[in-house]
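K.L.:
Each chain, letter by letter, is given below.
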Amino acid sequence: MAVAGCSPKTPSTVTPQVTVYFCKVGTDALVPTPFSVDKSLEGSRLENALVAQLLAGPAVPTSTVVQFPTGTSANVELSGDLATVDLNGPITKAYRGGASDEVGLFKSLTYTVTSVTGIARVQVTLAGRKMPTLPGGEFEIDEPLTRETFAQ
Amino acid sequence: MIALLTALACTTVSWTPALAIGPAVTPTQAQVYVAGRRIAFAHLGITYGDPVAQVDDPGLHAMLASVGARSSWQPGTRFVAITRGDGKLITFTLGSNAVSVDGSPVSMPFAPFSSGSKMYLPLLPLAKALDLGVRGFQGGYVFVPQIVSVTPRREGSVTIVRIAGSAPLTWHSSSANSSHAHTLTITFPGFGTDATGAQPIAAGLATRADVTESGPPGFPTTAVAIALKHAATFASHRVGSGAAVDVVIARDSAQLRAATPASTPSSVHVAVTPLQTLPPTPKSTPAPTLPPPTPESTLQPTATTSTTPAVVPSGISTAEPLGPGESPSPSSSESPLPGASMPPLTSQKITDVSVAELPNGTRITLTLTGPVTFEWHRLGDPDDRYWLDIDHTVLVGAAQLLTSKLAFIKEIKVSQHLLDPDQVVRVSITPTQAIDVRVGTVAGSPNQLGIEIESQPPAPDAPIAGVGNTFGIAQASTPPSGQPVLPSRTDPTLIVIDPGHGGTDPGSLNTAYGLTESHVTLNIAERLEADLKRQGWHVVMTRDGDYDVGPPGGTDAQELQARCDVANAAGARLFVSVHINSSVSAAPNGGTTYYWQPTDRALAQTVQNDMITASGITDDGVIRNNFYVIHHTRMPSILVEVAYLSNSHDATLLSRQSFLDQVAAGIAHGIADFTGGPPAPVGQARPQQPPGAPKP
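Top line first, the protein sequences correspond to chains A and B.
Going letter by letter, the first sequence gives residues 1 to 152 in my numbering.
Going letter by letter, the second sequence gives residues 1001 to 1696 in my numbering.
Simulated from the structure, these hints should not be mistaken for lab results.
Heads up, a few of these hints could be off.
Claimed, not checked - Derived Cβ-Cβ restraints for the label pairs, each shown as a range:
| # | chain 1 | residue 1 | chain 2 | residue 2 | range |
| --- | --- | --- | --- | --- | --- |
| 1 | B | 1351 | A | 75 | 39 to 47 Å |
| 2 | B | 1070 | A | 28 | 53 to 61 Å |
| 3 | B | 1408 | A | 37 | 51 to 59 Å |
| 4 | B | 1217 | A | 63 | 49 to 57 Å |
| 5 | B | 1155 | A | 31 | 58 to 66 Å |
| 6 | B | 1397 | A | 82 | 15 to 23 Å |
| 7 | A | 31 | B | 1553 | 39 to 47 Å |
| 8 | B | 1180 | A | 94 | 25 to 33 Å |
Said to hold, decoys possible - Okay, the calculated bits of chain B under chain A, using three or more residues with CB under 8 Å as the criterion:
| # | segment |
| --- | --- |
| 9 | 1098-1106 |
| 10 | 1218-1226 |
| 11 | 1430-1436 |
| 12 | 1584-1594 |
| 13 | 1617-1625 |
| 14 | 1635-1644 |
Just so you know, even glycine gets a beta-carbon here, dropped at the ideal spot from N, CA and C.
In isolation and in its complexed conformation, chain B is listed as follows (with noise of 0.2 Å):
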């Protein structure tokens, strides 16, 4: 901070004018490409070796236009909000660098500055929250817009396919069709991704998409191939705004005209609350719950309903739900952000780490060396593990474990979650209730962030998620209709089953037997998946065929990411990857279950349990061990080694249908305990429990 500080005093003094705030912006003569076109632009500058454009530029709003986005700024104003062609919304603050991308800040290596009466925008983190791809141009800068995701969905008798990009979309779309393969091909030139290779769709008809780039870097062609199990009829819809299509398959086309194009996407619901400001000593004041804030807060919370979250800087006074297109309406009383400083452009440290005791809770008090920006998650019932994520920062020590007088909190642990290249440091607190916790700046010291976990039960509307930092923005979610839900990106419901193995890789043999480990973990997934959705839960399988999950002729490395990204992208609740073992020796028999986060020995233990219990197979105990796939998933993950292929009595149970039946049922009835099932569906809430009543 310090350097850029300094920085930032040694630029003000070039060229710029007298009156003039920030840094030196020099003109440059590079050229801009954006889906193809070039933008001209009045006054394209560079900045600390980026390139800046003033926000009134007719060649920024030809840019967004270009897109299907579009901006709004008044002079004077602090504020630049752009609305996406998919309705999200962008929001630059003046001095600040966290851009918010939809609610999410996202920190930029430079802030948007004045100059003059001129506001600049850096122009790379804008592509990037508009999703566009940068692609290398010696001349200058090319923006290519993105396909970002392909979701596949069943609705009724049809299969829809919604592709997503980060502009107005434009397609052609071809069949094919032989007595081995149907394939569904959609074309969108002019548009790049970042989501090359296999995904495989468990939804109705499709069984697999393929994404490929093709073509110049600067105009690129993404081609999204959608296999299909049999022949089957297509439409595509246009979505919304444009920036989606929605292909439409169905068996013949009686079904398909009886299918109606997708809605566009439901609303939801935001509430803005302030970064809460602790006291300063453990018994001074009773603490409110979140999220109604303390009612001396400066801002004041609003719920409404919007498409777009709204991001509310700090520091007005009134902080309007903002609507697709609309503007920010930022108050005149603007004034410098209360106790806000520059955001951090590298990593803080957390220096210590102190738990203290308070008349109505516990509070946790991480010392650091400089502001940073957190997310928080809450599981709803049974599994009411909370945990809260700090971007940026590194642990200064071993991980802690910290006690709580609090009977009904479990574990409290401090830990350094991710380090390369993501640098979290990860909060996690293990209660048998609900718990209500309150994050925010200690009063008096402003490098201490507070974490309070409350006697009390929280409200039951009471969020469940939240981003915020120490440097100015804090937002939680509420759900529509107070049922807790998780983050958007986050699915309560699924669980996504990893048969391991596939393809070109089929893992482990026991010839004398006739057994590959890749068909075995696939029969077991497949029932697995059977078992589950009985009992409520949404199912995603990784494979479900013998298949490379990776793009064809792939690393080992894009092989297990891909897996791992099937889970990570559809914000799965719990990922399980079934293996079977073996070993050089015949001798070894019995199964394991494997975790690698150390919060998951508990759900591995659970399965372990019931499989041993369902199986009969020998009880090997559960292991901690860094496994890709168990590393790479960002939710609760397990392996399950089920049996040893190499021992002749393991693999004459591996040979049994009814083991392999026995073994899904037992790993099926280990998720049950372990999550106490599925979520109730909305409107089908479960029964509130009194405060501290034991579980089910």
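For reference, chain A alone in the conformation it holds in the complex (with noise of 0.2 Å):
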């Protein structure tokens, strides 16, 4: 486990890019929202740090974006340009959401997790296997999904 302050000889002197997307209820509009981390965070621990956030919601509460069901946890590896996000909790095991939320999820999953210099695509699991939708819900996330899947 590497900690701050004792593994880079060179530590970084820039604040990493990172940017947490939420995506609005009821649209397909996504809410930019800065997010400060230690400079020290890059690689998978970036990612997991981003989606950690994701996941928390807002810093501020609403229900005017989608979040992820209560009890959601992931976990980000990466491998070349494509993080594999594998999630746990209740939503691998029913989904009763709606169409649009299902598609905001992932949109703002996406978006978060491709904010990160050379990062392109986000493979989603549940609970470590990969799946066609999830459980009850109609989109599809049995292939790597990119900012484009998104394009109209």
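Since each chain sits alone in its own frame, please combine them into the complex, following the hints.
P.N.:
As structure tokens, this is what we get:
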């Protein structure tokens, strides 16, 4: 485990460009939300911090953006330009939300994860398994998602 | 291809006789079982790791006979015709690794070859062409006949469920009646199936068919359980040569007696056209229209009545139609296929797409890395779209939108239609009137495929679908009476409605209003079904009650795929999935229509407009999204999210039957607007419009 302060011999002096994207309910409009992280975070640790912030929701609680169900957790691993986001929690058992929220969840996740330079694709897995959709969902997640996935 | 040629070159130096042409055949002691019986081959061999047998091996004849098929082959000829038990024709051609099955080319790992004076056939592609399942067996190969389809229909007062297999059927039947359930079970010992699962049946007395396989893999038993609305009586009749059974279900024995056994399938006309060679320069030759062949063609087209579409290998001087059991009659003047090269083993690429204007039309030219197979379709009035799918092909670069000087061409698109696991490039043309299209290789450029849009409309009896390839066979079908019909696998009068969710998956809930998504979607779908039937459409519902469409206990993927399977298997013209939206927020409201294929946007927009107009729901627009059921259906498909269950205004509306009726009426109206209604019945053709006349 890397600990800030003892790992990098050449500490980063640039704050990573990080943004968490939320998605407005009922639309596909994104709400880019700047987010400060420790300068030492990079790679998968940075991605995990970003996704954790996305799952936690906006700093000021609001019902105007789509949010992952309470109890959702995630782990992000990187390989090349692909981020694999493994979701856990009730969302992997049953999804009873609507289609627009479902798309919003994955759009916000994809935009957030691909905000890190070098990451272009997001493969979602549910409790470690690649699935075609959320259980009870409609939106396809068995192939990597990109920002183009949501282009009209 | 180079790899294959190298392989062929390397293998011909092995132990085969001096005069032989072809790869090595290694004798094997592997055993072959077909339909539970051991088949003794005189000379079973292994080539490229797969089993092969000589065409005249008694074992091959026994294998075919055990599934009701038979072959014909004359020494010295290059073709082997095998007639399946159901009358469909399989044609193997020496040196071609595309086997023709019922008129469609199916690629196989390697071509039939000759060694000495013997011609060898690969057994696994043969088994596949016979619709036999291939099961694991350490000491050899087990081929299992399959139950391939369960198709219900209504005839007068009785319901008939036709169960078709890939070999003559033997069966047992039983029925179970209780106060709650009435089930009729037909059991087929020795038959496997790839069609396990449940399918709803919207026909008369039957509501559902469950297909299950049990027993050892080498000799399985398939059971078809038909759920009935109430107690009934039934009889089963062998159909045709015995590879199908009609289960006739009636309310009482009087009705059953009055019902006549099903007739054999009606005949079809088949025309064969050669692959065209298009002139190298745009201005050189006026373009003849399909299907009449060019006068200089080496193939003469024929049209005949036959229950088995004929497949005529290119390079022979006449193309005789084939009837069931007849052998092909290749002429003695066989010669190498003109311009033919080895068919593709691996996928090809399209490296360039260009468009050129001709005096009499527009040509799209695709530059290919090797020979390909393709299939084309043309919808009928008033939806005149044309598309051509090139199999096993990857488009290098992004999808391309092309323009044409022809005023009646709205859009031409070349795109990667499918990528994984099937690689298909689609050329789609959206015109405002019927168009005639010629497809062919470009003279002097065998690696270029030309698609020419004629400036003249097609002849009334022009074919509306066909398959072809750039290494041999081209074939097109014409309808029986000049009346345009879609290919046999597509029913232009059929719309499949998918009421979202159901069974173990209720979808979204609004407990305050007592609303469950799966109930509301079914309510709307039932009214939509009635509205569409009034317009003259045939309608199939993926479910007509509160149940899972997929297999009991199946995965979510199976559930969604089962809904797609209903539409794909029926060859529906359109697929409409009905859903109710929901959000964690109470604020969003309104209706949205989703589409996935860009070509379906117009359908989505038309349905959305009419739904909004009819119901007054807030217009949230049309959105492109990758929802499973509109991605995995093979016809124009949309998913309508009618309103938000989570919004009190919308929930109030969704609680009113009058609103649900308006939504259904709006969707039905949109479908009518988009399609112009179902095709006229045969014999009542729509009046032909003069070229360029505006659509009504």
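K.L.:
Against each hint, give a clear statement of whether it holds in the structure.
P.N.:
Each hint, compared with the structure:
| no. | hint | in the structure |
| --- | --- | --- |
| 1 | 1351/B to 75/A: 39 to 47 Å | holds, 41 Å |
| 2 | 1070/B to 28/A: 53 to 61 Å | holds, 59 Å |
| 3 | 1408/B to 37/A: 51 to 59 Å | holds, 57 Å |
| 4 | 1217/B to 63/A: 49 to 57 Å | holds, 54 Å |
| 5 | 1155/B to 31/A: 58 to 66 Å | holds, 59 Å |
| 6 | 1397/B to 82/A: 15 to 23 Å | holds, 22 Å |
| 7 | 31/A to 1553/B: 39 to 47 Å | holds, 40 Å |
| 8 | 1180/B to 94/A: 25 to 33 Å | holds, 28 Å |
| 9 | 1098-1106 | violated (count 0) |
| 10 | 1218-1226 | violated (count 0) |
| 11 | 1430-1436 | violated (count 0) |
| 12 | 1584-1594 | holds (count 9) |
| 13 | 1617-1625 | holds (count 4) |
| 14 | 1635-1644 | holds (count 3) |
Comparing the model with each numbered hint stated earlier shows that hints 9, 10 and 11 do not hold.
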